[in-house]
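K.L.:
The primary structure of each chain is shown beneath.
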Amino acid sequence: MLGLGADLLWADMNRLLAFLFHQGVLDEQFLQLQQLQDETSPNFVSEVVNIYFHESEKLLRNLRGLLMEKEFSDYKKMGIHLNQLMGSSSSIGAKRVTNVCLAFRAATDHSNRSGCLRALEMLEHEYCYLKNKLHELFQIEQQRALAAGVRYPVQNN
Amino acid sequence: MAGGEVLRQNLPEKLEESPSGANELHVLAVDDSLVDRKVIERLLKISSCKVTVVESGTRALQYLGLDGDKKSSIGFDSVKVNLIMTDYSMPGMTGYDLLKKIKQESSVFREIPVVIMSSENILTRIDRCLEEGAEDFLLKPVKLSDVRRLKDFIMRGEVKEGEKRCCKRSRSEDCSPSSMTHPCDSSLLSSLSSSSVLSPLSPSTLSSKKSRL
Chain A
1 MLGLGADLLW ADMNRLLAFL FHQGVLDEQF LQLQQLQDET SPNFVSEVVN IYFHESEKLL
61 RNLRGLLMEK EFSDYKKMGI HLNQLMGSSS SIGAKRVTNV CLAFRAATDH SNRSGCLRAL
121 EMLEHEYCYL KNKLHELFQI EQQRALAAGV RYPVQNN
Chain B
1 MAGGEVLRQN LPEKLEESPS GANELHVLAV DDSLVDRKVI ERLLKISSCK VTVVESGTRA
61 LQYLGLDGDK KSSIGFDSVK VNLIMTDYSM PGMTGYDLLK KIKQESSVFR EIPVVIMSSE
121 NILTRIDRCL EEGAEDFLLK PVKLSDVRRL KDFIMRGEVK EGEKRCCKRS RSEDCSPSSM
181 THPCDSSLLS SLSSSSVLSP LSPSTLSSKK SRL
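Line by line, the protein sequences are chains A and B. Residue 135 in full-length UniProt numbering sits at position 135 of the first sequence, with consecutive numbering throughout. Residue 72 in full-length UniProt numbering sits at position 72 of the second sequence, with consecutive numbering throughout.
Extracted from the complex, chain B is given alone in its bound form (with noise of 0.2 Å):
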């Protein structure tokens, strides 16, 4: 049996799905920094996120049920996650191991977007991570304002994805990617005054960034 299996079968009432808390977001944060990882829960916290933080991407694959135990049934229904924030650099599995390894997965949990955060500035890695599927890339230290700001993109995109839903089905023939703008991607691009690098100075950033929503 796995640690995995034995995880989820532990885990306590509340980390699963509350009717009441159908607008709160589910962010799982994954650091090997102790100091980062009290930051991050208390940025999510005072932000009315639900938290679960962790400290390694191998606990984060365990918590979300993917640590390659497919023999377990009990799958993806016991753990909703609306968010991923990783930092990139953590011994053993990096943050950008760990997003490789989240979309390379079932729709379910490709879906979950994730953002990295570093310390480091560097353009190489930045643009690594856009195009591995990351949603944002955060320099630490995250701030209030870089929180606020994901919250309302992510729960802007939930709402959206509904929509989008209904839209497909009625109109299956006029949507393509390039032709749908999402309102969210100039909000995203536009907030120049966080420490994302999703800002029109980078180039880089924005040729390699693919619309995902």
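Isolated chain A, as found in the complex (with noise of 0.2 Å):
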């Protein structure tokens, strides 16, 4: 008989995704990726979101650089490196990093520079809520994983 905790800890992992979902924090993607979780490739959704972690974070650290310049102007530059982490984004399913992000390259396309400042302080607390949520996911996820495993309870002598 599965532990009532790994029971309690699925109905957590549900309800937090209901709600990332009815956020729009996530969309549909983020349940493709799951699709392709199994038993061969058992950690793949954890996997790609840290490489994505990974990643995002060199780009918005490049981002901050370039706007943080005195005299910047390449506006290309950024939009390449906005153009990576948006792709990136819609391929986890980080909807509302995505679009941000869409809303970052219109001010890039029009050479707003108070614009894009504006739209990577959004950025940056939008990927961060995104990454502190998905953590959280993944840490309720490794517990069920445990609580499942156990049969039995343990016997203390």
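Hints listed in this document are in silico derivations from the structure and should not be mistaken for laboratory results. Certain hints may be false.
Stated by the list, open to error - If the Cβ cut is set under 8 Å, some of the chain B residues that face chain A in the computed set are:
1. Val39
2. Ser56
3. Val79
4. Ser89
5. Lys143
To be verified - Computed list of lysine to aspartate or glutamate pairs in EDC-like fashion (alpha-carbon distance at most 20 Å, straight line):
6. B:Lys45 x B:Glu55
7. A:Lys77 x B:Asp32
8. B:Lys45 x A:Glu57
9. A:Lys133 x A:Glu47
10. B:Lys143 x A:Glu28
11. A:Lys131 x A:Glu57
12. A:Lys58 x B:Glu55
13. B:Lys101 x B:Asp67
14. B:Lys143 x A:Asp27
15. A:Lys76 x B:Glu158
16. A:Lys131 x A:Glu121
17. A:Lys131 x A:Glu39
18. A:Lys77 x A:Glu47
19. A:Lys77 x B:Asp127
20. B:Lys80 x B:Asp152
21. B:Lys100 x B:Asp127
22. A:Lys70 x A:Glu39
23. B:Lys50 x A:Asp38
24. B:Lys100 x B:Glu55
25. B:Lys143 x A:Asp38
26. A:Lys76 x B:Glu120
27. B:Lys103 x B:Glu158
28. B:Lys45 x A:Asp27
29. B:Lys101 x B:Glu111
30. B:Lys45 x A:Glu121
31. B:Lys80 x B:Asp67
32. A:Lys58 x B:Asp32
33. B:Lys50 x A:Glu39
34. B:Lys50 x B:Glu24
35. A:Lys131 x A:Glu47
36. B:Lys45 x B:Glu132
37. B:Lys101 x B:Glu132
38. B:Lys151 x B:Asp67
39. B:Lys143 x A:Glu57
40. B:Lys80 x B:Glu105
For glycine and all other residues, C-beta sits at the position ideal for the given N, C-alpha and C.
Put the two chains together into one complex; each comes in its own frame, and the hints tell you how they fit.
P.N.:
Here's what the structure looks like:
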């Protein structure tokens, strides 16, 4: 019989996922990723997401670096970083981050520096939020996997 | 000695054709994004395809042996690819550039279907790719249903190629491209639920798509 803990954690995980979907933080592409996870690739989602985090943080640093330059004018370069960030965000189902990237890109298209700064701040905020929530999700999933592994109560003699 | 030749000589055993893998599609996926490479690789593996993923058009050409090293006599036998899926926006050689290079090649490579993937739904871009001979244009993010549909289409194409060759030999005067309808065409056009742009809703893509089957 599965530990009650595993069931509760499963419910927690689904509640959090449902919340994130409802808030538009994640979209169906995230579900697609989950479908790609199975016994042959049991950590697929967290692996991809961790690659995404690593790459995104680099791109965000580049974007901030560019915008902070006194003589900043390379909107094209910023556009390249943005497109990369937008692409990978959409690939993992990070809907809100993708949308902020779109708004950011519009600002670069109009060479609107203050618009870009505002968009970058929003982007950093959305990204942080996403990262925290996904970490929470993975933590619950890990705990659930552990709890599900406990078939009988541990005897302490 | 070109890097391409070294690459081919160092190919591990599993990349060569295996008799048991006769029905397995070998897909070469090209994307500069690591996240996307991981996803497409998994999408293809879970759809029972053999996958080779590379990060650029240059690497793709190297893998295929089309990197300009004509002196190499190892040739095409060691690498058999049934489908190439490439991202459009890549630094250096774009997916479109790669498509053009492949379609300019000798008959063996020109016949490999090339599918372009892009996160941008730009009609002129789509038209350009289809006119250059792309089999399909997929909007990112690519889904399992897209891969499955592609796989079915390619597998049927492989079977039909064999039948078509027999047909051409026996009815050489009767066979003309306009009179030969291909079942794959209608199935491809009718898959509206996917992110493929080859649907009856986009007339410009229909008019530019020529049957290459």
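K.L.:
For every hint, state whether the structure bears it out.
P.N.:
Do the hints match the structure? See the list:
no.: 1; hint: Val39; verdict: holds (6 Å)
no.: 2; hint: Ser56; verdict: violated (14 Å)
no.: 3; hint: Val79; verdict: violated (25 Å)
no.: 4; hint: Ser89; verdict: holds (7 Å)
no.: 5; hint: Lys143; verdict: holds (6 Å)
no.: 6; hint: B:Lys45 x B:Glu55; verdict: holds (18 Å)
no.: 7; hint: A:Lys77 x B:Asp32; verdict: holds (16 Å)
no.: 8; hint: B:Lys45 x A:Glu57; verdict: violated (29 Å)
no.: 9; hint: A:Lys133 x A:Glu47; verdict: holds (16 Å)
no.: 10; hint: B:Lys143 x A:Glu28; verdict: holds (10 Å)
no.: 11; hint: A:Lys131 x A:Glu57; verdict: holds (11 Å)
no.: 12; hint: A:Lys58 x B:Glu55; verdict: holds (18 Å)
no.: 13; hint: B:Lys101 x B:Asp67; verdict: holds (10 Å)
no.: 14; hint: B:Lys143 x A:Asp27; verdict: holds (13 Å)
no.: 15; hint: A:Lys76 x B:Glu158; verdict: violated (43 Å)
no.: 16; hint: A:Lys131 x A:Glu121; verdict: holds (15 Å)
no.: 17; hint: A:Lys131 x A:Glu39; verdict: violated (25 Å)
no.: 18; hint: A:Lys77 x A:Glu47; verdict: violated (28 Å)
no.: 19; hint: A:Lys77 x B:Asp127; verdict: violated (27 Å)
no.: 20; hint: B:Lys80 x B:Asp152; verdict: holds (18 Å)
no.: 21; hint: B:Lys100 x B:Asp127; verdict: holds (14 Å)
no.: 22; hint: A:Lys70 x A:Glu39; verdict: violated (52 Å)
no.: 23; hint: B:Lys50 x A:Asp38; verdict: holds (18 Å)
no.: 24; hint: B:Lys100 x B:Glu55; verdict: holds (18 Å)
no.: 25; hint: B:Lys143 x A:Asp38; verdict: holds (16 Å)
no.: 26; hint: A:Lys76 x B:Glu120; verdict: holds (17 Å)
no.: 27; hint: B:Lys103 x B:Glu158; verdict: holds (18 Å)
no.: 28; hint: B:Lys45 x A:Asp27; verdict: violated (23 Å)
no.: 29; hint: B:Lys101 x B:Glu111; verdict: holds (12 Å)
no.: 30; hint: B:Lys45 x A:Glu121; verdict: violated (38 Å)
no.: 31; hint: B:Lys80 x B:Asp67; verdict: holds (16 Å)
no.: 32; hint: A:Lys58 x B:Asp32; verdict: holds (15 Å)
no.: 33; hint: B:Lys50 x A:Glu39; verdict: holds (18 Å)
no.: 34; hint: B:Lys50 x B:Glu24; verdict: holds (7 Å)
no.: 35; hint: A:Lys131 x A:Glu47; verdict: holds (14 Å)
no.: 36; hint: B:Lys45 x B:Glu132; verdict: violated (28 Å)
no.: 37; hint: B:Lys101 x B:Glu132; verdict: holds (10 Å)
no.: 38; hint: B:Lys151 x B:Asp67; verdict: violated (27 Å)
no.: 39; hint: B:Lys143 x A:Glu57; verdict: violated (26 Å)
no.: 40; hint: B:Lys80 x B:Glu105; verdict: holds (15 Å)
Consistency note: the structure conflicts with the earlier hints numbered 2, 3, 8, 15, 17, 18, 19, 22, 28, 30, 36, 38, 39.
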